[in-house]
Every structure is written in C-alpha cells, then in structure tokens.
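With the hints as a guide, bring the two chains together.
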Amino acid sequence: MKTMHSLLLALLLALWSGVALAGDAPELTVTPRTIDIGTFYNGTTLTITGEIPEGSDAVVRFNGAPSELHMKEKAKVMGLLWMNVHPVAFRNVPGVFIVVTPRDLGALAGGQASKVAGLGLSGLGESLAIEADHTDRALAVASLLKLKKREGLFREISDGVTYAPSTGVTKRFTAVIPVPPRLKSGDYTVELSVIQDGAIIADSRQAVTAQLTQFPLVFSKLAFGHPALYGIMASIFAILAGLLIGMFFQSKEPH
Amino acid sequence: MSIPLHLYLPIAGNSVNILAICGMGGVVGLLSGIFGVGGGFLLTPLLIMMGIPPTVAAASDSNQIVGASTSGTLAHFKLGNVDIKMGLLLLIGGVIGGTVGVRVIQVLRQLGNADFLISVTYVVMLGTIGGYMFYESLQAMRKPSPKEPAAAEQPKASSKGRLMQRLPWQMNFERSGVRMSPVMPLFLGILVGVLAAIMGVGGGFIMVPIMVYLLRMPMHVVVGTSLFQILFTCINVTIMQAWQNQTVDFMLALLLLVGSAVGIQIGAKIGKKLKADQLKILLASLVLAVMFKMLFQLLVQPDILLAYTGGH
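Residue numbers (the numbering used here), protein chains in the order written: chain V, 1 to 255; chain B, 1001 to 1312.
One chain only, chain B, in its complex shape (with noise of 0.2 Å):
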C-alpha cells in the first residue's frame, strides 16, 4: 500500500502535494520566528502559483498564521520577548484601523482606483521600510557599538521624542524598556491597521519597523510582541472570512500550519543567534525582494492577460 503523497483540499477544489505545502509553511514558518512577521506576503503568492484560488490561498493563510503566532507568540514568551501590554494597545489601533481601511477601499472601488492605488502602496511602503532599515542597519553593523541602543538611553531631545514626551498618560512598558503615552502605539496600531486592509495583509512586515524606529523598542521583543499582535489580528480575519465569504480551506491551513509552527520554533531559536542589526538587515533584505518581485510582475507584461477577481 503506497503512502498517498496528495491530499484534496475541497474548498480550494484542488489537490496539493503535501510534503510542498508543509515544506512551503516550513520556510516562511521559519521567516515567522526570525523576524515576526506572518509571512502572509510571502506565502500567498507561493500558493497561488500552486494552483490555489487567490482569495482561498489568503484566507487560509490567515488561519495558519493563527497557529504558527501562536508557537511562535510561546516561544518568545518564554524568552522574554513579549510585551503584552505594547501589543495589545498595538492591536486595538490595528482592529480600528482595519475598519477604517475596509472603508476607504469600499470608496476607492466605487472611484474605479483602488486597486491602482493597492498596487502603488504596496510597492512604496515595500520600498520604502526595506530600503530605511537596510540603510540603517548597514550604517549601525559599520560602527562598532556596544549594543543596540537601550531605552533608558536619549541621544537627542529631537522634536519627535519632545512631542512624544508631551503626550498624556505616560506609562512604562517594562518588556521594552520604553516609557510613552499609550497615545503612541495606539495611533501607530491605526496607521498599520488602515494599511494593512489596503494591502491586505497582516501588517507584520509594517509593524515592525514602526516598532523598532518609532517605539524604540528592542528589535527581539518586536519579534516576539508582533506575533502577538498578529495572533489576534488572523483570528479575526479567519472567522470573518469563514463567515462571510466561505474561502477557508481548513485541510489547507491544518498542512500549512504542520511546517510552520515547526519552523517558527526553530526562527525563534535562529532569531536569538543573531544580533538586533544582523535581524534588521536580513529582513530588510527579505522585504527589498519581495519589492522587487513585485515591481517586475508590475513592469513586465504577463503571458496570460486574464486573471481571477479577488485575492491579491
């Protein structure tokens, strides 16, 4: 008796292979734990070239990042990489700014704009953050310093910090080190949210750099407090899309999460290895390729000049 190789996956209708789809969900599981990103814009392109309709493939993805924010969300919890109370102020700005995000995509559709206007964010905001924090990390990785600057530490009372300094509700956040209003985060958690449902992705790739450049906070407890913040964002965005458009394959997710629920134990144990500058750099070099694919199936003409409605 040979060991089936294909599982059927019934609302997708179509078979997959699975060891490629674990396999798949392995290496951006293992992106995942390194960096704290979802892996969304990574893994649903993957699988759409895998003969997955586009609005399934980003569905079901949402629900294995579900499980793999969660091993990964443990794993940093028990290294002391996750500040709970910076997520969840980050979240609540992020539900918000959803909301807000789904809306002015419903006006922009009616203007006949946005999917100009997705395509155009997608690759400045891509452009844009990996080319800062590749910048900025190769500038920090030359100098010799003795660590990745510490919140305690304010090199310069620049206007940003003053203005910060000004805002109401000062609180410590003792995880990150940092003292702030939550005002901050909140408005930030907004910003991400409202991009995020442009784009329509998890919003990994954006938190983090708003994390580690605007909260100042410490590169690995932004890897570990924005799995968090994910978890519950894909939680969301599972139930709605179970619900409302029926595009979760479960069968799917359950392969999908198998490899990257591994691989995001193994990302958070990579992820300690490194040090907070080499993290910064191999991510922004991971975000200025996944720009430049983008700009290339943007510039190029495609073979085939017909594609499916919905997905990204």
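Just chain V, same shape as in the assembly (with noise of 0.2 Å):
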C-alpha cells in the first residue's frame, strides 16, 4: 500500500514537473551576457546552459537585429556580360543567424513540415521579404543565404546541443555558439526552443548585447561624431607615418 502511495505520488510529480515546465518559459543561462569587441577580437563563444523535460530536445539560436538590406542582383546584359542590375530590396534580416541543434532539424521534426524544420535556415528564408521588379524570389533568397553562408553569418550546427546524464524528469544541456568575428556591436537575442515529438513545447529568450571597447569604440566615436576632423586626422596620420618610413629608409643608405 505504501508502495502503491508512493508510486503514485512519484508520477503525479512527474507529470506536474512535465506541465509545469512545458507551460512556463524553461531555464536559460547565457555566458557571457556581454561581448566586446576590443582592439583583437576575432570571435568568441557563448555557452547556454539551461533544463529542459526528460526526452525533448534543445534547439538554440542566436539573432542579430533584424533589417533592410539593399543588394543588386546580377544578369547577364546584352546576352554577354554579368553586371549588377537590378536592385534588390531583402527586408527582416537578421545581422546573425546561428542554429544550434543536437542532431539535425530534419531528425527533430520527425520529417513533418513543421514549425520545428522552420527553426533552421529554410524558415528564415521564408520569412524574409522581398522587394524586387524582376527577381525570381526563390533564386534571391537562395542566393542571400549563400552569401551569408560564405560570410559566415549564417549557421546551422547540427552537432552543437550536449546533455548531461538525466536527473529522470528534467536534464541539463549545454549549447556553445561561435560569435563570428564578422559582428557589429548591438543587441542580440538567444532563443531556446524545447522540441518534443516533433513539435515545439516551450521557449525561452534571453538578451546579449555586443559593445565596442577600446581602440574599436574610439575610433567608431570619433569616424561617426567628428567626419571631417576624422577624415584630416587620418590623411595627417598617413603623411607623418610615409615620411618616418621614407626618412628610416634613407637614413639606412650609404653615404
């Protein structure tokens, strides 16, 4: 009887811990929650900790600002050259894109067209707009995710999510993210997404701000608060380090 109060007490918890979790936003820890871009940055990593329900799965992405992004598509003119031609306006953009999964989107949403498959790239090209007169949307769009690609922007992980041994109701991932050293400061967001049975059962967000520090936030302040001083400063700079090189090698010469 005891035993029979205690298994039922033991299931009642696991079914409260399962609802309570998958109702309220799950735990998320970003470290760090600042990143600066000093004098030799050249990347960094941001490690997400968090738990979520036994058997689900943690998709975690991280966002940059969306914005507008004005582009030209190229075309062939006169049946013979490849020009830049017509302007192509990509609306919602994000700065960074990186998707962080533990095995690929495909897998986690159990081959449905849903919106978990939608966490990853494809679905960021379909929420993108466009405003273009003579493009071919799918064209454009495959062409911008590439260009990002490329520009390392833009990333799909799918070997990035790790867990720690199960506690039998909730377990503890780990994401780690690699910032790119293609990033300007400003706000970012990391986005939690716990999957289950191919569907997303909770989410979570947690704010990162990225901020220039050192030679980077001087320089910035000063190209962007004083142009023309900036613009004179930089030729001077320029002639007086030409005429100590000039001077260094002539000092160098045989007489």
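Be aware that one or more of the hints could be misleading.
Keeping only pairs whose Cα atoms sit at most 25 Å apart, straight-line, the calculated DSS-like set for lysine-lysine is [as the list claims (entries may be wrong)]:
#1 B:1143 with B:1293
#2 V:76 with B:1293
#3 V:72 with B:1293
#4 B:1078 with B:1293
#5 B:1085 with B:1269
#6 B:1273 with V:74
#7 V:146 with V:171
#8 V:146 with B:1293
#9 V:171 with V:149
#10 V:221 with V:184
#11 B:1078 with B:1272
#12 B:1275 with B:1078
Honestly, the hints are just simulated from the structure, not real lab data.
Encoded structure:
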C-alpha cells in the first residue's frame, strides 16, 4: 500500500513537472551576457545552459536584430556581360543567424513540415520579405543565404547541443555558439526552443549585447561623431607615417 | 601570453589577419614604387575578397595610398625623379576633371547606364593602355637604342608635335627635360580626372602612360611625378569619404600603410635598377593581367547572383 502511494506520488510529481516545465519558460543561462569587441577581437563563443524535460530536445538560436538590406542582383546584359543590374531590397534580415541543435532539424521535426523544421535557415528564408521588380524570389533568397553563409553570419550546427546525464524528470543541456569575427555592436537574442515529438512545447529568450571597447570604440566615436576631423587626422597620420618610414630608409642608405 | 594575430576593424565591422593585410600592402606598395601607380585597382578587390565591404575597401585604400605615396614621393624626390611643376599642373587638371566626372556619373546613374559604362570603360581602358604599352615596349626592346628618347630629341615634326608647339605660354620643365605649354598637362589632367572619377580609381595607371607617350617625359621621372600627384588626389578622397560617407577605416589603412610604405621604398630601389622599357613592359603586363581578370568576371557566371551596393 505504502509502495503504491509512493509510486502514485512519484507519477503525479513527474506529470506535474512536465506540465509545469511545458507551461513555463524554461531556464536559460547565457555566458557571457555582454560581448566585448576590443582591438584584437576575432570571434568568441557563447555558452548556453539550461534545463529541459526528459525526452525533449533543445534548439538554440543566436539572432541579430532584423534590418533592411539593399543589394543588386546580377544578370546578363546584352546577352554577354554579367553585371549588377536589378536592385533588390530584403527586409527582416538578421545581422547574425546561428542555429545549434543536438542533431539534424529534419530528424527533430520527425520528417514533417512543421514549425520545428522552420527554426533553421529554410524557415528564415521563408520569413524574409523581398522588394524587387525582376527577381525570382527563390533564387534571390538562396543567393542571400549562400552569401551570408560564406560570410560566416548564417550557420546551422547540427551537433552543437550536448546533454548531461538525466535526473529522471529533467536534463541539463549545454550549447556552444560560435560568434563570428564579423560582428557589429548592437543587441542580439539567444532563443531556446524545447522540442518534443516534433512540436515546440516551450521557448525562452535572453538578450545579449555586443559592445565596442578599446581602440574600435575610440575610432568609431571619432569617425561617426567628428567625420571631417577624422578624415583630416587620418590623412595627417598617413603622411607622417609615410615620412617616418621614408626617412628611416633614407638614413639606412650609404652616403 | 600569445601574440594577437587579428585586428578588429570598427568601420568595416570585421576582423582581419594582421600579417595578411600588412603583406598585401607590402606587395602593392612594391608595385607602386616600381611603376608609380597608386595600386587601388589591385588592392581594393583583394580587400573585398578578405571580407571588407566594397565602399570601406575603396575609401580606406585611398587613406593608405596617402602614406605610401608620401613615402614613395620622398624616395623618388631624393633620386631626382619628381617634377613638381608638372605634377601640380596635372593635379589641378585632375581635380577639375574629377569634379566633372562625378557629375557625369550622376547623370548616367539617372539614365540607368552607369554601371555598364563603368565596366566597359574599365576593360577598354585597361586593354588599350596595356596593349599599346606592351607592344611599344616590346618594339623598343627589340631595337637596340643607346638610351630612352630624351626630351631634346624631336625625331619628326608630327602634327601632334606641331600642335603642342603652337600652344601658348611655352615653358621648360627642367626635371622632365621637356618644353611645352601648361595647357597640355592641364587638359590631360582633366581627362584623367574624368576617367578616374568614372572608374573610381586614383588614375595612376592612366596617368603614367599619358605622361610617357603624350607628354614625352622620361619613365623614371614619370614614376615619381605620378606618385606626387596621386598623394594629393588621395588626401582629397580620404577627407571627402570620411566626411560624407564615413567609410574610412583608419585601423585598416594603418595596417596597409605599414606594409605599403616599406614596400614602396623597396620598389623605388628596384625601379632604379630597371631600364625604362623594362619598366614599361612590366607595367603593361600588370595592366593586361588586371584587364583579363575583369573580363573573366564579366563573362563568366558568378556563383552568387547578388552583390552589395557601392564600391567597385
């Protein structure tokens, strides 16, 4: 009897935990919360940890703020020359889009076309708005995704989430996001989506800030705050550097 | 503690390998010192390949050319290769021509034909200049001649020569060893300025052949004088780009400058050892190589059919 009561209590607790976790935003810890872009910055990593129900999976995304991107589409002019011809404007393009999963998104989605499958680059492509007169939408989006992947700004990493041994009810996950060197200062978001049986059962967000420090901050303030002075100073420094190097070489010559 | 190998460029919004950028600057500086070109037509596409946005690449490149051409002008000045009088006339013409050229581009952009014209102009100019220089230098090298044609020679009274002699205010340009009216270099400077504005370059690779073939200046003086003229052109471009477009990344320019200012000094010494015809044929080869690269990019389908707006 006592055993039956204990078993019933454990079952109720497990059910309640699952329901509670599914309903509440899951725990999410991002380290560091601030990315310092200093003089020798060349990319960094974000470590994301949290707790999700046993039997579920974590998909973590690192997103930059959406913006508009004005580009030119290449086409053949006079049937001969490939040139930048038609203007194309993309809306809602994130500055960075990196998705980290424990395995392929298609496998997580259970082979179905669902919101889970849309968490990756294909979903991003569908969410983009395009303004253009002479453009094949699918081709333009594919070209943009290819360009951004080449720049290291859009990535899908299918083995970037690991799990600690389960406690029975929940399990801890760790995801490592490689932040690219080509990062601009601004506000970013880390998003966690908890996947179970091919559906998103919970999600959570955490803000991350990238800020310029050291020389990049000094030069950026000067370039954008006092542009004419910055241009004059850049020219003067260049002349002085050229003179110094020139005089150094002249002093080394035999007389 | 490890030595940092990368530097973050705040205007370009990207991180670059310090040694790669310095090395790139060094190679281009070497070519500048040998041939008297700014090197922008070489360096800007290389920077774009390294992930620098085109507009920042072009503007920062101008900043580094200021330093490199200062270093180069000093080196050539000590060698007696800078004709300041001629350089100033070409410069004044270049500034006027550049202003006109910018207007021409604005009109063409409104008509929708600017990019096509720019690309065709690039290929035609590079091909014509490079081809002519190559052919002429090859002919000269095949015929043994005691020295390069001195300015005092007037081999035949061509119609062009007679026209030049009829122009007013004839004056001596002692360093170049030529006598002509200032109208000629002013006019040619304007022409180069217009073309340079259309093509978005400093104009060195156009100016050098013009000084050699139309102004009949000795090749070694052409190199030094061209660098002198480019110096002031690029000071103007640097200030204007920083002020109006905020596209000059001084940290990038500084890295390039360290390499190019050293390279240009070495280039000046190498150039001193080469004969004029050797210099011409090497420059012609370089110009033709760039032309073929541009033609290839125009004729072959790119793997990504999108490009950022702005830049080259």
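How the hints compare with the structure:
no. : hint               : verdict
1   : B:1143 with B:1293 : violated (31 Å)
2   : V:76 with B:1293   : holds (18 Å)
3   : V:72 with B:1293   : holds (21 Å)
4   : B:1078 with B:1293 : violated (36 Å)
5   : B:1085 with B:1269 : holds (24 Å)
6   : B:1273 with V:74   : violated (45 Å)
7   : V:146 with V:171   : violated (35 Å)
8   : V:146 with B:1293  : holds (23 Å)
9   : V:171 with V:149   : violated (32 Å)
10  : V:221 with V:184   : holds (14 Å)
11  : B:1078 with B:1272 : holds (12 Å)
12  : B:1275 with B:1078 : holds (19 Å)
Checked against the numbered hints above, the structure breaks hints 1, 4, 6, 7, 9 and satisfies the rest.
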